[in-house]
Amino acid sequence: MIVLVVICATGTALAAQEAQKADSLVSLPYNVYKAQDQMTGSVHSVSVPALQKRVSGDLRGRFTGLVPGMEVIENGGSYFSSISASMGSYTLGGGGYTFNMKGLGGIVAIVDDMLVPYNQLLLDPNQIQSVTILSDVLDKSQFGPMGTDGTIYIRTNEGGYNQPLRIRTSFESGIRVIDRVADWLSGEEYAVYNNMARTAAGYAPLYTDEDIEGFKARDPYSLTTPNVDYRALLFKKMFSSSNLNLNLSAGNNIVKYAFALNGFNSGDHQNGPNRYDYNKINYSGSVSSRIGRYIEAGASFIGFLGVYRGDGTSWHSYNSVPGIAFPLTLSTETDENGDQVTIYGVSKVFGSNPYAERLEGGYVTRKARSGIFQAHLDVDFSWFLPGLKSRTGLQTNSFVLSNIGMTHDYLAYYWDKEQGIGEISSHQGQKATSRSLQNSTVSENLSMYERLSYNKSFKGHTVDLGMTAYLNRAFNSSETDFERYLFFVGNAGWSYHGRYAVEFCAQYTGTDRFAKGSRFGFFPTAGVSWTMSNEEFMKDIRWIDHLKWHAQAGIVPQRSDATGSHYLYEMVYSRASGYTFGPTNLGAATHWFGNTTRTSVNTTTTQYGNPDLTWSSMREIDAGVDLGLSGGFGISFNYFNWERSGSIANTTGAMPDIFGFSDMNAYANYTGTAASGFNVALRYDRRFGDFALHASADASHYGIIYKTIVSDFFAPGNEHLRKTGTSTSGIWGLDCLGRYSSQEQIDANPSYVEKSGLKVGDLMYRDVNGDGTIDANDKMLIGDEAPKFSYEVRFGFEYKGFDFEVVGTGRTGVDLMKNSDFFWNGWGNGNYSAFIKDPMYPNLSYVKSTNNFVSSSYWLERGDWFKIQALDLGYTFRLDRSLKEVRFDIKGENLLTLTKVRYIDPEAPDAGVSSRPLLRVFMAGITLTF
Amino acid sequence: MKSIIFRIIPGAVCLFWLACGCDFLEPKLSGTYNDENYTDYPQMVRGLVEHAYNLRPRTYASIRFAASDALADNAVFRSESNANRLFSLGSVTLGNSPFESVWTNNYTAIYYCNQFLKDDLGMTTHYYLDAESDNLLRRCLQGDAYGLRAWYHFSLLKHFGGKGTDGVLYGVPLMTEAVKISEADPAKLTRATFDDTVMQILDDCDKAYEYLPYLNRDYSGNTNTSIPVTGSIRYTTLDQVSIDGLRAMVYLLWASPAFNPSGDKTRYQKAAEYAMKVIRHKLEVEGPMGFDRTKSFSWRDGNSPEAIFPSSTYSTTTYETTFYPIGFGGSADYVPTQELVDAFPMANGYPITDARSGYDPAHPYVGRDSRFYADILYNGAEVLRDGNGSLMYTIESAEGGKDAPMLTGTSRTSYYIKKFLYSGWNPFDSNVLSNVSVVFFERWEQMCLIFAEAASAFLGSAENDSFGYSPKEVLGWVRSRPTAEGKPGITADPYLDECAASPALFQALVRNEWRITTCFEGTRYFDLRRWGEEINVPVHGMAITPSGEDAFSYQKTLLETKHYPSPWMPIPVGDIRRCPNLVQNEGWENWR
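Chains as they are written, first to last, in our numbering: chain A, 198 to 1127; chain B, 4 to 595.
Please keep in mind that the hints were generated in silico from the structure rather than gathered at the bench.
Backbone N, C-alpha and C define an ideal beta-carbon position, used for all residues, glycine too.
Accuracy of the hints is not assured; some may be wrong.
[What the hints assert, rightly or not] Cβ-Cβ distance ranges computed for the label pairs, FRET-style:
(1) A:Ser953 - B:Glu466: 25 to 31 Å
(2) B:Ser334 - A:Ile372: 56 to 62 Å
(3) B:Ser104 - A:Thr396: 35 to 41 Å
(4) A:Gly958 - B:Ser104: 32 to 38 Å
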């Protein structure tokens, strides 16, 4: 129903035949194009130019803010994660981006009708012809079990018949600047706070006033008072990146073709002797040809090559070592070969030197290669039965990741404040290992499908019938068996005069994950719509341009069932070698009683098979209304409700340990969740002479609750701990009443720890179950990690040659649990974070307070935020030559964050703490179109 | 022509799909052992029992043994935020109890024993063609399954037995059948009473005794045949001797004041009888083979004659990295208290509180019992290398010293554990050596102590030798034993004579001997509980201040006072929640 965006409709001969309203055409699976009026779901098309105006190195990031109801969350600043994502996994790993639509995170990408794992989805927008987002139940069911959580349906560029040669080339370059980074204390501050912490806990301070004065000199090589700023030493604040794109497409009466080549180069924020960079090349080619009147055959190839060069160190390794732990280096020596050897400092408490690891720790080169080959054969059977067509498709893709590197040890001695250099440490400087293959993964995937379709229009009626069979076989080097599934989809649609539409879609789906007899499931869906604005009686209502009511309902399988473990239905016993029985040969053993031994066998039941295991299902209802007003205003509202039942879960957790099952797995169709929510979207599109304006905003709300969950048992009196019926993203913790203000208050109230361990200023909790003590049974639902609303706003205009667009996204009503290392630290030795200077930090103590550092409402904060995610300003010279257009633009990403959250990034709370910080990007580019 | 092709294509496509559909989804054979085939493999059947054996712990450096002394008054945890330390001080996190893994581990082991015993699986499996060996092995494994079931239930009883919230003295749920997961009903699980648990354990001991060979050693009475089935190949597993040892331990626990409300003296008698049976075996059967009660033994020798029921072994540096101070490559995770140090007598056998002992508070580490020097590292103690005796490290725990209390990675008491340490280990060696780790679940000195405690309690006299040896004589063997370092024990022992004359004094002496002889072996905490002694006691460290050249002044400092809501351990809260009819132990009413 969303009609905001124009489809980039280059060369769609078939589309042209079927088009009723060109701007409402939607690309659907198996090369089907349908008018919006014939559809009963809420589909959304994304314009390719909109994607091109973004700078993200990862295609997923470019979707931010473009699709109403689809949230794109950035988890960390490493866009390399897309090449190290786990193989065979069709959902996202940590890092990179996470999609969320209707509370479902397993949104897949389908490229030219085939599922492509995100680790291979390294397309550049110029390789793409159209993008369609499908989120309603019937629409998703067309992909069998794959698209159940939602689908990003991409058709790649294939040129057009009788299309003159088009060439587009662009170059852009700019910088990536580190955004918010959690700060840790400087060396001298650490010494002061460490002394305070020790004093508070009854320990003698470690650092004298003279020491602290010495640290202030910030001499990293001082043998008495060293003080190193590791972050400044090891990480840059910014680095450059650039990319170059070229694509061309053309066609004559018989052949059409397209070609694209993209190069991307980026530096890295690591500082050191190695090369730290990332380069990728991305290329694609497609050719299709008509063979006679009834046949078209086509093939395409999409290739990718990525190389990351760096070392094995992680972003946060330096955080754990205070700057004053030891000098960077202690001395240099000449070894037996006459080479200069640096001796690094370490201490007995801090055994590793981050600087030495960076300088001498070796290197790593990570290469990823991906190839996707597709072929299709279309046959038009209109000579046999007008409207009957067939499409046969095949896709094979492979992905190879190799990680070659060398790890090296360095020579370090324990630093001794008195003597300078102490004993040799465990880093003894061996040239530890030679270069080796540290990791390699291969995955390959083969899909085939056959679709017969029939389409007929008569007297205002349009009938669509389709039948698809699809099979998929995948393999990856971490598994011992192939993954296989197949499904048959039948769909039928009828529409009348663009007013009424009815659709049915049913799938019969099988997977190799279940026992024979339980492998297949049948899942029907149906949809209806009424485009009221096409009715005669509405023709006179001028101010309504478009009004459509639509609904879909049905049952679909859960994709995770087809990607989980094999053989869960079988009882599995495993056998392993156990310890040796008989006298030992180790150590100074005396064989005074014989010497026969036996290597024992460990037989374990690793799995309790469940032959009844089968598909879990998701029942979903979607309904909505779409209203367009004549002034350029539009509004749409979509409601959804789904319930998943019988999700496969390991149920041994429901069994007492007394039975002895605790180290076994026993899977069953067990877990259930349910959700409902809505999305409301507003838009305004208007042209005033040379000035064209577009603006849109949308907001989504949803909630997911547990219906059934393993191990949700609580004794009478503690039923409030039951998770059934509560939010799946709920945050559980103690209810903090504030901080103790007096000793009397400590004495008078029940406490979480022994009262002698409490001080004024420590946290006080509520006795929720009223049993006179405070313990884990007093936990309650204190917050929710899922936002009440997530929203997106977009604004842009065009004026003569200028064009401008800005996109912002945000969340509101979201709770943030501040329990990362950045907030929970300040005891023992090890660097302290800047947060301990915050008045909110509870009592500083060298001994970790188990009272204060537990999950409680004290650590909860409203994590609302709004970000300017993207901005683009361009100017286009339109020329009347072979060079048709020249466009200059400047653009940025992640430009501004509005939030009350301090220190960390609320969108990615771990970024800059335990994972790489997010990046703020500024780019300038030029695009030439021939 | 064209039309024929076009008719064939769709037909072929349809046929292709039909053909694929048939077995496309049939996975490759998994090749795993399953219900149909696993009993065809005798090794798999045998592996059920052997897996149960392999679930036994193998190191003293864990909460099951050495660290459990820090739950009592022998030691403290170094880290003040250690979860087990907080547990012992009453600042407990619900669900976070020290022995939860014992519960899970033991019931898992019991499941495998039951799986083996189910449908006489073990007795109907054929292991060897040779009928005699086959029969012998079947009997051994059957005995193992019963014996292990007794052993693991006993361990559960020792850890979790206690008075329930309803006032009943409970043992633990008895699992004598492998339940199918589809038929498992948590509501049926209840705790047996303490007495019923003991009866079940003893019953399993009887069955095990019936099947097991006498001794897992190659010895003259071994009836081993051509295929080695019994004898040393079974060393580290159960035999009749270790079952007798287990019975002695069970009866002693059952006879102890906390679990013997009726004061039934025959339990002591049984404990003494079984302990004496083992003692006699050691002296009479193993004596000629190489056991000598007057010789020292090494904690790091997996084949030590001291052993009656040893664990499996492995090579490790865990003890050294756990016990030594940070300056010598360790983390001092738990450290001895002043109370334990004070419990060691002087070399002349008198306790330091006795005027005749010659104890000098100004020189507290001079002239002590040699076990003190073998078990504790104190200020000024030297760590000498195994073999050549070269000095590797000197403990400096006086104020200003590198191992002084309250620095990072140093003891809070100024003492460190020395027992079990391998002195060939040095963190600064380029090739750091490791040595074998073994746990003696039953050992000689322990049997002597069981006998001394049980027999004297039953007889009311330490000098009565109606069991063959008198309690006094047997306790004397322990006190006079040379230490692991080869230093002589208490040879002339007037204090033992003095105590033997008074049953009360003798009981107190036996209890102190338990404390120091088996320190860090995981007995102290359980002994205090079974004796009904106070476990909520203060523990101290020593603040040592230099006062001139090689002179120090000593000040006892209070470190913490143990604070448990009851002497009993909580039943793991997860199982309390899942089993509606499981009674929690007294003091842990909130753990549900």
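The hints, checked one at a time:
no., hint, in the structure
1, A:Ser953 - B:Glu466: 25 to 31 Å, "violated (48 Å)"
2, B:Ser334 - A:Ile372: 56 to 62 Å, "violated (46 Å)"
3, B:Ser104 - A:Thr396: 35 to 41 Å, "holds (37 Å)"
4, A:Gly958 - B:Ser104: 32 to 38 Å, "holds (36 Å)"
Checked against the numbered hints listed earlier, the structure breaks hints 1 and 2; every other hint is satisfied.
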